[in-house]
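In case you want the letters, here they are:
Protein chains: 2
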Amino acid sequence: MPLFMDIHRDVEGSFEDVVEAHKMDLEKQGEYDVEYKNFWVDEDEGTIFCLFEGPSKEAGEHVHREAHGLTAEEIHEVTEGH
Amino acid sequence: MPLFMDIHRDVEGSFEDVVEAHKMDLEKQGEYDVEYKNFWVDEDEGTIFCLFEGPSKEAGEHVHREAHGLTAEEIHEVTEGH
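In order, the protein sequence lines correspond to chains A and B. For the first sequence, this note's numbering assigns the number 1 to the initial residue and increments by one for each residue that follows. For the second sequence, this note's numbering assigns the number 1 to the initial residue and increments by one for each residue that follows.
The list cannot tell twin chains apart, which means a pair is met if one copy fits it or any two copies do.
Under the rule of at most 27 angstroms between Cα atoms (straight-line distance), these lysine-lysine pairs were calculated in the DSS-like manner: (1) K57 / K23; (2) K23 / K37; (3) K28 / K57; (4) K57 / K37.
Worth flagging that the hints you see were computed from the coordinates, not collected in a lab.
With these hints in hand, go ahead and build the complete structure from the sequences.
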């Protein structure tokens, strides 16, 4: 399954808010065959990076939109380093 | 030690080129008390994400500059999800 990294910008809220939003992703992701694997938050700048596996960029976008409405500004299909 | 995610844009070269550059980072990082932990490459768009621990953004930038000269466009101090 392809791997993707997305970038959210200018997100308001604390790290714990993002943790809660991520839990909503985990509840929703199965409907789109997506697995959110990890995320990283720059709380000062409101930037969030999400790493997920799934069939397409759009699948990840659907999960975010339906789980909490916070969609990403960019989604990159990536290969993980080794 | 703080954790950082950087973003490189418009990088030319293959995934394997990035693997080789990363090896150069690993050889250099000890001089700056940095640990490059992982990276992700969007080969089509030339976008690279590097995750590293270190004392500062600048420490990571020094490693990249001295190892191979490819510095990042952005460096974000991040908290990793759980």
